[in-house]
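Peer 1: Sequence:
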Amino acid sequence: MKEKKMIFYRLSKGLLALAFVSSPNLQAQDNSGGETYTLDPFTVTSESDTYYATNSISGTRVNTRIMDIPVPISVVTEQLIEDFSYEKVEDAVVMDASITRRSRNEGQFNENFTIRGFRSSLNLRNRIP
1 MKEKKMIFYR LSKGLLALAF VSSPNLQAQD NSGGETYTLD PFTVTSESDT
51 YYATNSISGT RVNTRIMDIP VPISVVTEQL IEDFSYEKVE DAVVMDASIT
101 RRSRNEGQFN ENFTIRGFRS SLNLRNRIP
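Under the numbering used here, the first residue of the sequence shown carries the number 1, and numbering increases by one thereafter.
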């Protein structure tokens, strides 16, 4: 019985080595011949700081520079909301690293969030869910 296992082991090892050596994917490519293509140069341009906010009314209720606000805040700009086509606040807040979505009702009415470790159970905008 032990002898049969040893024969099988050696045979499988030999077949594996044969497959490895004869594999066409492992052979080097031929560099002789063939055409060389030169691509036209292209330039990528963009507006700088499109999602960067310098001022906010969050925390102070007065238009204040963000660097002067004494607490850490995250800003989701109007441009970011438009570019990602967010329609609800629940969609936009996923961009903030301090907010975790906890959906108990599979994306229907009133999703729950954990904001910096505190649970939020009712999200209102102008006192409307």
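If you're looking for bench data, these hints aren't it; they were derived computationally from the structure. Treat the hints loosely; a few may be bogus.
[What the hints assert, rightly or not] Below, simulated SDA-like cross-link-like pairs (lysine to any residue); rule was C-alpha separation at most 25 Å, straight line:
no.	residue 1	residue 2
1	K88	T45
2	K88	R61
3	K88	T100
4	K88	L39
5	K88	E78
6	K13	E35
7	K4	L18
8	K88	P41
9	K88	I99
10	K5	A17
11	K5	L16
12	K13	G34
13	K88	S98
14	K88	D68
15	K88	T36
16	K88	D40
17	K88	S120
18	K88	G34
19	K88	P70
20	K88	N112
21	K88	T77
22	K88	I73
23	K13	E3
All figures in this text were calculated on a predicted structure; none of them were measured in a lab.
Peer 1: Output the indices of the hints that this structure fails to meet, ascending.
Peer 2: When the structure is compared with the hints, numbers 1, 4, 6, 8, 12, 14, 15, 16, 18, 19 turn out to be violated.
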